[in-house]
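Chemist: Residues per chain are reported as follows:
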Amino acid sequence: MAFFSILFPDRRTELQEPVQEPDFFPDLFLDQIVEAVTASRKEHRLAPFFYKPLQDIDSVRYRQEVFRDLGEAGLCANMKFFAENMAALRRYRAYIEQLHSVHHKQGWFLESAIHYCDFVQRLLTDLTAADLSSRGLSAFRTYVAEYVHSVHFSELLSDAVKAKTDLRAIRYCILMKGSSVTVRPYESEPDYTPVVQNVFARFRQSLVKDYRVQFPSRSGMNHVEANILELVARRNPECFAFLEHFCEKHRDFLDDTIRRFDREIQFYLSYLDHIARIKSSGLMFCLPRMSRESKSIDVLDAFDLALAHKCVSENRAVVCNDFCLQGSERIVVVSGPNQGGKTTFARMFGQLHYLASLGCPVPARDAQLFFCDRIFAHFENQEDVTTLRGKLQDDLVRIFSILQQASSESIIILNEIFTSTAIKDAVFLSEQILRRIDALDALCVCVTFIDELAYLSDRTVSMVGGIDPADPSVRTYKILRRPPDGRAHAASIAEKYRLTYERLMERIPS
Amino acid sequence: MNPLLMYKDADFDPAFSPSVHQQELMADLALDTLFQAMADDDSYCHAVVQKAVLSGAPDVETVIYRQDIVKDCLMNAQVVRDMYQVTLDCIEKKRERRLSFFSRYPSAVLSNAIDLLRLFLGQLRIIRRMADELSSRFQSEGFTAFFSMLRRELDDDYFRTVEKHLDTLKFPHGVLIGAALGKGNEGTGYMLCTPDEKEPTWLQRLFNQREKEFTFHIHPRDVSGAQALSELKSRGINEVANALAQAADHVDHFFSVLRAELAFYLGCVRLYEKMAHLGLHYAFPVPAPASGRAHAFDDLFDISLALTMQRPVVANSMNADGKDLVMITGANQGGKSTFLRSIGIAQMMMQCGMFVPARSFRSSFSAGLYTHYRRREDDTMTSGKLDEELSRMSRLADLVRPGDVILFNESFAATNEREGAEIARQIVRALIEKRVRVVYVTHNYELAHGFHDKHTGRALFLRAERDSTGGRPFKIVEGEPLSTSFGQDLYRTIFDDVTPADTTGSS
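Chain order of the listed sequences is Y and P. For the first sequence, our numbering gives the first residue as 1, with consecutive numbering after it. For the second sequence, our numbering gives the first residue as 1, with consecutive numbering after it.
It is possible that part of the hints are untrue.
What the hints assert, rightly or not - Chain Y side only, calculated, beta carbon under 7 Å to chain P, not exhaustive:
1) His104
2) Gly107
3) Glu111
4) Leu167
5) Arg171
6) Tyr172
7) Pro190
8) Asp191
9) Thr193
10) Val213
11) Leu231
12) Val397
13) Phe400
14) Tyr455
Don't read these hints as lab results, they were simulated from the structure. Since the model is a prediction, treat every value here as computed from it, not as a measurement. Glycine is no exception: its CB is placed at the ideal position from the N, C-alpha and C atoms.
Based on the sequences and whatever the hints tell you, model everything.
Modeler: Structure representation (structure tokens):
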């Protein structure tokens, strides 16, 4: 199998890279996640890779295999090492662009070629030593092996070694007197510094102050050094002629497939780097089992990746939640106290499915997910409350549009819809919409304050944001599968303020 | 090259900032009077003797080592003065030329170092000559080693070699630097080549046609070119410039250490001369091993008092060998404080290697000497005073180690007698069980008497002596604590108004 891309199993699946993020990105905080994932690798323009969910399960598996292989720390480090070396190669090239002296440019071109040969060989060694099970990396290994043994690469290597060996052997002397500079061959003149050090060693004390002037370890040349190099080149014409020949012959030594691999492997490395920080706080990720046929979902210890990123950097604990949909269950109705983690739950549900469709590990200990065709999200726009009527109309237009596009294989996430509408309207509208979704047989998460929605049909599941029974003002952020219990919550709050019936009876004197 | 006149194997570092307890020592023992007498308006010498006296020598061996040198110095006062002067000249000349190595340019570092080394070589020659001419007059191990070190390290051949290199390092024929091609064909591995001595060969090369082909010139108006050339040169001479600057530094250091060490001995010489002038006696003390309990002297007097009064003062003798505790009681103005001070000063003088103001003095070497004096300054704040004393005591308790000496002067008297006694008793008992030597001046009869009854064998009790007429010769003699102090005497003396009622007076 010829190697083409580490992101796609075959040429056909690679489509034009989208430049725009999907509509639901901000609502699901996926924009934050992608930003955080790609932040340190701007030069690779990785974001488009995250804008395009895969279209078939085989493509997902192709990536999951690569992720699984990279889960081995050694291989992952090797790939990072390769990527760093590619970055260094780019820096070499940019640097060479800035240089003026021909011999200097050629000198650095040679360095870049040596560097390239070095790390490509190292890449092959690393891949050969690795125990690979992914189709992608195995094919790439075969490709690199063929490449390294090609005539093209072998000549590049042997020419580079010869050019460098010759240049390294050159020794010369610079005689500086007044304003004149003479370049001479080195004739075994002894080093004067140790002689001087030895003569004055007699005064040596334990305390030593360093009077050496620190020269900035810049690379580059001023015109005096360039002139000297010119004279050194003239004194050693053969070496420099070969160097020139080398540069001409190997002008385009960087292999296209390797260049492409370098960018694409960043997709994996960036994501793994990002989740490694979160994993270190004890949270778990998994490669989900995906099905297109069954809408059964079963997830353990899932969390919101964007929130987790924030919490980990602030050293706060992250609450994980389980959820499942079995048999004919399709709609999760989430109710419960404000600030109880309902919206986070909805977001997490969307994130898990979206990340899974990219072939990425998802933020959960274990996950069986549905391979949906599209994800839709409607999060109420909190900002403009000025025109309530306009807003309601706008909401309905958007939801209508979603329902037009959605299929039985879609996932729809509705968060706190109609909160600023009259309760009667809100109940009515919500019921209507859920019934339509129900009829569509799509998967849905609906965050709402309307308890009735939980009893809409036997395909709805009720989940409730939890509070600590001992102190009702403390949110557990646990979303549990149980009937809506808004009243129980109200009772416990009352207890805390000693305003229950019994308390008031005791407190109020007869 | 190290003078090694203070320690056998280390330099004396005059840098010093006295710790809190050292400041207390200075105040309580009036040490500044001693330092002034030793320094004679030489503020540098003042700082040195202050540190030397307050820090002391690390062990008995070093004390003896210094005592021998002091003896040499007393015999050769003028030589010590001359040598000290050479070190002063050195510093003065250096200052005149404002030589400094701090530069971003190795060439400046190098040329300054060359100039400075030439200056130092001149001064080293003078010292060497002194070593040649005068070494036979010195007997001590320290001076003998010092002089032979000078003759060994600074032989004439060496002077010639150094001079030669100082000339070469001016690079009259140009700087020759070896190099190789590093990454990107950039020059690397710059190495200063030994300059060719024979000029003709070079001239031949320069006039060689082929050589000319490989030469270029920096245009006089090419400022950045000149800078680049100078940087290249700098890379070549960086290491030798460093070597020379360090060498100059080291010689400079040698002179400054020599100056510091001689300053101490010059201080001893000056003090000796002053004492001789006032007719005061002195002796070289015998430092006993630190583990023991030796403490005996004859005719010890308070040198600070004598220097202030400019005349001989009362001297005392004591034999407290084997005692943990010396407790001194007796009349006000009876000389107790002076006596306590003389003990402290003598111990410090002994421990830094000096002679002491006594006919004989023998004491166990002790690593630390501390004072705990009642502070009289702030009598108004009576309630805070005991706190202040206890907090000071607590600080001392952090510092004090077995074998150390603590001098108490009317400590813990800021409360009633019984309470003060109880506090002090517990402290003193702990200290002496920890093998700390305690000398305690007190009015507190309860305290003194308590120890007298229980610790006769391990404690020595002294009393400020008065004769039967009430006149005071300021003599301290052995004697058990008396329940009365002599405040009434004092009262009488001052008011000269004797009435029978007064004799019942208070204690």
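Chemist: All the hints need checking, so say for each whether the structure fits it.
Modeler: Hints versus structure:
A distance limit of 7 Å between C-beta atoms decides the matter here; for His104 (chain Y) the minimum to chain P is near 6 Å, and the interface restraint holds. For Gly107 (chain Y), the interface hint holds, since its Cβ comes within 7 Å of a Cβ in chain P; the closest pair sits about 3 Å apart. Against a cut-off of 7 Å between C-beta atoms, the interface hint on Glu111 (chain Y) holds, since the closest Cβ of chain P lies about 5 Å away. At a threshold of 7 Å, the smallest CB-CB gap from Leu167 (chain Y) to chain P is about 5 Å, leaving the interface hint in force.
A distance limit of 7 Å between C-beta atoms decides the matter here; for Arg171 (chain Y) the minimum to chain P is near 6 Å, and the interface restraint holds. A cut of 7 Å between beta carbons decides the hint on Tyr172 (chain Y): the least distance to chain P is about 6 Å, and the hint holds. At its closest, the beta carbon of Pro190 (chain Y) sits 5 Å from a beta carbon of chain P; the interface hint therefore holds under the 7 Å criterion. With its C-beta approaching chain P no nearer than about 5 Å, Asp191 (chain Y) sits inside the 7 Å limit, and its interface hint holds.
Annotation: interface hint on Thr193 (chain Y) holds; nearest CB of chain P at approximately 4 Å, less than 7 Å. Taking 7 Å as the C-beta cut-off, the interface hint given for Val213 (chain Y) holds, the closest approach to chain P being about 5 Å. For Leu231 (chain Y), the interface hint holds, since its Cβ comes within 7 Å of a Cβ in chain P; the closest pair sits about 5 Å apart. The beta carbon of Val397 (chain Y) comes no nearer than 63 Å to any beta carbon in chain P, farther than 7 Å, and the hint placing it at the interface is violated.
Interface restraint check: Phe400 (chain Y) against chain P, minimum CB-CB distance 65 Å, threshold 7 Å, status violated. A cut of 7 Å between beta carbons decides the hint on Tyr455 (chain Y): the least distance to chain P is about 75 Å, and the hint is violated.
The structure does not agree with the numbered hints 12, 13 and 14 stated previously, though it agrees with the rest.
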